[in-house]
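So the protein lines, in turn, are chains A and B.
Position one of the first sequence corresponds to residue 55 (the working numbering), numbered consecutively onward.
Position one of the second sequence corresponds to residue 7 (the working numbering), numbered consecutively onward.
A couple of the hints might just be wrong.
[Stated by the list, open to error] Okay, derived cross-link-like pairs now, SDA-like style, lysine to any residue, Cα gap no bigger than 20 angstroms in a straight line: (1) K262/B - H175/B; (2) K60/B - L85/A; (3) K269/B - K223/A; (4) K60/B - T118/A.
[As the list claims (entries may be wrong)] Across the chosen pairs, the derived CB separations fall in these ranges: (5) F222/A - E88/B: 18 to 26 angstroms; (6) V218/A - N266/B: 45 to 53 angstroms; (7) W50/B - R92/A: 43 to 51 angstroms; (8) L169/A - Q66/B: 25 to 33 angstroms; (9) E139/B - A164/A: 20 to 28 angstroms; (10) R13/B - A226/A: 17 to 25 angstroms; (11) K248/B - S71/A: 50 to 58 angstroms.
To be clear, the hints were calculated from the coordinates, so they are not data collected in a lab.
Glycine included, C-beta positions come from ideal geometry on N, C-alpha and C.
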Amino acid sequence: MQITYTSGEQVEVYRFSIPVTIGVPLIAFFLQAFVPLRFPFFSMFDLPLLVTIFFGMARRNPVTGLLTGGIIGLLQDSLTHQAIGIYGIAKTVVGYGASSLGVKLDVENAGSRFLVTLVFYVTHEVVYFLVARGLVGQNLRWSWSHELWAALANAFFGVFLFAVLDRFKQRA
Amino acid sequence: MESVLGRYRNLIILVGVLFLQVLGLAVQVKRNAENESSRLIRIWTVSAVTPFEKTLVWIQTSTGNIWHNYFYLRGVRAENRELKAEIERLRLQQVRLTEDAEQARRLQALLAFKEQFISQTVAAQVIGSSGSEQSRSVYIDKGTREGIKPDMAVITADGVVGKVLRVFHSTSLVLLIDDQSSGVGALLEKSRVQGVLKGTPSGEVILEKVTSDELVQAGEPVLTSGGDRIFPKGLRVGTVSKISSGADLFLNIRVKPAANLSKLEEVLVVTKVEEKEIAPSQNSTMRAADILAQRLPSVPDKPAVEDANKNAANKPANSLKAPGSAGAQTKPAPANSSANPGAETAAKPTNPPNTTSAGGPKKSAPPSGVGGPVDSGTQINYGSQVPPATARPANGAAATVKPATAQKPAPPVVKAVEKTAKPAALPKPKPPQTGNDESQPDQAKPALPDQASPTENKPAQPKADQPKVDQPPPQDSPQ
């Protein structure tokens with residue numbers, strides 16, 4: 055498990071082409087909406103969240119990260135029947151946090167990615183729970199066991215997904 | 007100042023973005039009316055995502071069709087699909103008929119009662135889901151173009167799925183019944199207890215608002231009650247899986263949905279539900295006695311009765327013998343009817359009119375409309391209102407007499423008589439024994455012979471397709 059503190063100058067900053075910037079979140083939405091119909095267990099994964107974390111950590115720009123997270127979250131909200139903004143707020147926070155963390159930590163190796171994804175998944179769920187319950191008034195129940203299992207599953211999946219998405223990175 | 011803004015630029019932007027989103031949320035929560043303010047972004051997202059889903063579903067379906075219809079089992083799959091559609095239709099029909107029958111018995115007094123039935127549906131394919139565990143909804147490939155509207159019921163052959171929540175041009179969002187914001191008016195099939203079916207955050211389905219003094223059993227089917235004005239009454243929702251005492255004197259009833267909500271592929275959107283009033287002359291007014299009368303032996307064909315009438319007119323002495331004579335012994339005793347004139351006669355209304363008139367010289371009216379004064383000159387009018395008492399003829403007696411007093415002429419009974427007046431070739435159940443077996447007519451006989459004639463009164467041979475019944479002894483046989 056290697057999490058190395060690095061200075062801003064030492065950290066690699068990446069960018070992505072426009073097709074990747076638009077296409078990857080769209081594919082994530084599509085898979086998130088389509089695959090659970092055939093494999094219901096897949097609904098425990100949150101592909102848009104993983105994409106948000108990946109883009110945030112790779113770009114290492116907090117403003118870009120929060121905007122990416124916000125847009126992805128709002129689009130995810132619009133696929134549900136709920137009020138738009140719950141996922142938006144949660145993913146904005148995660149995008150900002152991931153990009154801010156990416157500036158300070160080396161998140162290129164699998165171990166750090168696993169831990170970062172685990173932490174940000176729980177953060178995302180906490181923010182979602184607070185907003186949905188506190189602002190919208192939804193009747194949600196918090197289950198630590200469910201959230202931790204889901205966080206572990208997303209972290210494992212995230213490691214492999216990030217390895218795939220690394221191929222689309224371009225040096226800035 | 008600039009240095010402060012520059013130093014906390016990211017944080018300020020974060021707070022600003024969050025504030026805007028919170029503001030947007032507040033606006034939506036306050037309006038709370040279909041979130042029309044956010045419709046545009048929903049249309050954009052749905053338009054961006056659903057074409058992929060539709061394409062993939064189309065490719066999947068096409069590939070599957072090519073394989074299954076041409077390579078794997080040519081034609082069988084299509085036939086199977088047709089049969090499944092037929093089963094779906096028949097199940098819907100069965101549900102409706104069963105529920106209607108129950109309804110008719112319970113609500114027979116309410117002539118203005120309205121029944122609902124599904125008259126038009128649109129088949130749709132599930133192309134996607136919301137992708138969120140907190141939002142249990144799916145997208146179907148039919149929208150305003152196909153006439154889908156919000157609040158239409160969505161069902162499968164197994165049971166209720168949900169309702170249409172939002173409609174787009176070629177897609178619709180369906181809210182599943184296990185979502186926590188859904189609500190379905192439901193009732194338990196046996197106990198007729200009504201409640202509200204709701205989803206829980208964990209994806210379970212519970213029946214709320216059922217008080218703890220109600221008797222609810224696990225495994226009891228749950229149907230739609232129709233009270234929500236979305237789902238027609240009588241559709242299967244699920245079965246009770248677990249019952250426990252909840253808070254505030256209400257039961258905590260968990261329901262297992264009949265439809266597999268996690269693996270939906272094809273659904274039916276109910277686009278038209280018709281409502282009509284039951285006509286008073288329909289079976290809704292049928293009494294239990296009338297139903298029983300339908301099951302009793304039939305009235306013979308008219309020509310046969312006319313023949314027998316002629317024979318009876320030729321032999322009035324035989325047909326109107328006094329009780330105790332040989333002829334009277336072969337006919338049902340009047341004591342049968344007079345001894346039990348109440349419910350017994352209502353339920354078994356066949357003996358009295360014929361037995362009293364044919365078996366004895368009684369001319370007075372029986373106590374409760376059972377039989378009537380002897381009038382050998384009148385013919386049996388099959389098209390007129392005939393009380394249940396005439397639904398079952400006795401041997402030869404119906405040919406000579408007719409109960410003149412129909413105290414309670416009811417249209418359903420006429421129906422019953424008309425039905426049973428068909429040729430008696432159809433197998434019929436054995437009538438209930440009244441204690442005097444000899445008084446029972448031969449059910450297997452298509453036409454009733456003159457009982458006074460011993461030669462014509464031989465027991466008819468039962469046909470092969472008829473149930474074997476006890477044959478009465480010959481008329482002149484010693485008792």
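Results for each hint:
no. : hint                                : verdict
1   : K262/B - H175/B                     : violated (33 angstroms)
2   : K60/B - L85/A                       : holds (13 angstroms)
3   : K269/B - K223/A                     : violated (37 angstroms)
4   : K60/B - T118/A                      : violated (32 angstroms)
5   : F222/A - E88/B: 18 to 26 angstroms  : violated (47 angstroms)
6   : V218/A - N266/B: 45 to 53 angstroms : violated (32 angstroms)
7   : W50/B - R92/A: 43 to 51 angstroms   : violated (26 angstroms)
8   : L169/A - Q66/B: 25 to 33 angstroms  : violated (38 angstroms)
9   : E139/B - A164/A: 20 to 28 angstroms : holds (27 angstroms)
10  : R13/B - A226/A: 17 to 25 angstroms  : holds (23 angstroms)
11  : K248/B - S71/A: 50 to 58 angstroms  : holds (53 angstroms)
When held up to the earlier numbered hints, the structure conflicts with 1, 3, 4, 5, 6, 7 and 8 and fits the remainder.
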